[in-house]
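K.L.:
Numbers 1 to 101, taken from full-length UniProt numbering, label the letters of the sequence shown in order.
Think of the hints as simulated: they come from the structure by calculation, not from any bench. For each residue, glycine too, the CB sits at the ideal point set by N, CA and C. Please note that the accuracy of each hint is not assured.
Said to hold, decoys possible - Each computed EDC-like pair below joins lysine to aspartate or glutamate, with the alpha-carbon atoms no more than 16 angstroms apart:
| id | residue 1 | residue 2 |
| --- | --- | --- |
| 1 | K57 | D22 |
| 2 | K57 | D23 |
| 3 | K57 | D7 |
| 4 | K57 | E5 |
What the hints assert, rightly or not - What follows is a set of in silico ranges between Cβ atoms, one per label pair, in the way DEER data are often shown:
| id | residue 1 | residue 2 | range |
| --- | --- | --- | --- |
| 5 | G71 | A97 | 13 to 23 angstroms |
| 6 | R77 | D44 | 23 to 33 angstroms |
| 7 | R98 | G46 | 17 to 27 angstroms |
| 8 | G71 | T14 | 29 to 39 angstroms |
| 9 | A33 | E5 | 28 to 38 angstroms |
| 10 | T72 | R98 | 18 to 28 angstroms |
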Amino acid sequence: MEPHEPDLTDIPVTTVLAALADDVRLQIVRALAEGGESACGSFDFGVSKATRSHHLKVLREAGLTRTRAAGTSRLVRLRRDELDRLYPGLLHAVLGARTPA
């Protein structure tokens with residue numbers, strides 16, 4: 001069964017911004033923006049598997065990502081085109097923002 005992925009028009013921009021406000025989730029979004037679709041297990045940002053799964057769920061429920069099954073793997077990708085249409089410039093600004101070292 002595929003995970004629930006909401007329609008972006010049903011998600012307030014504050015939910016999208018809240019999802020992007022976490023450092024780990026922002027790292028995931030940046031990795032997806034740079035590398036494209038990736039296996040969920042390929043993200044190693046120094047957090048446990050359960051924490052990584054939680055962050056991926058928050059991103060999916062905020063409308064930032066899509067997840068699909070491929071055999072026994074789950075692949076995740078950024079919903080960039082949809083986000084750019086609904087919130088022009090948002091991802092560009094967030095991805096280009098500096099983060100503390």
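K.L.:
Against this structure, judge whether each hint is valid.
P.N.:
Hints and how they fare:
For the given pair, K57 sits about 13 angstroms from D22 by alpha-carbon distance, which is consistent with the 16 angstroms threshold. A distance of roughly 15 angstroms separates the Cα atoms of K57 and D23; the hinted pair therefore holds under the 16 angstroms criterion. This hinted pair checks out: K57 and D7 have alpha carbons roughly 15 angstroms apart, not beyond 16 angstroms. With a C-alpha separation of about 10 angstroms, the suggested pairing of K57 with E5 holds against the 16 angstroms cut-off.
The hint said 13 to 23 angstroms for the Cβ distance between G71 and A97, and at roughly 36 angstroms that hint is violated. For R77 and D44, the Cβ-Cβ distance of about 18 angstroms falls outside the hinted range of 23 to 33 angstroms, so the restraint is violated. Restraint check, R98 to G46: a C-beta distance of roughly 20 angstroms satisfies the suggested window 17 to 27 angstroms. In this structure the hint that G71 and T14 lie 29 to 39 angstroms apart at CB holds, the actual value being about 36 angstroms.
Between A33 and E5 the Cβ separation comes to about 18 angstroms, which falls outside the hinted range of 28 to 38 angstroms. A hinted range of 18 to 28 angstroms for the beta carbons of T72 and R98 is inconsistent with their spacing of about 38 angstroms.
Of the numbered hints given earlier, the model fails hints 5, 6, 9, 10; all others are met.
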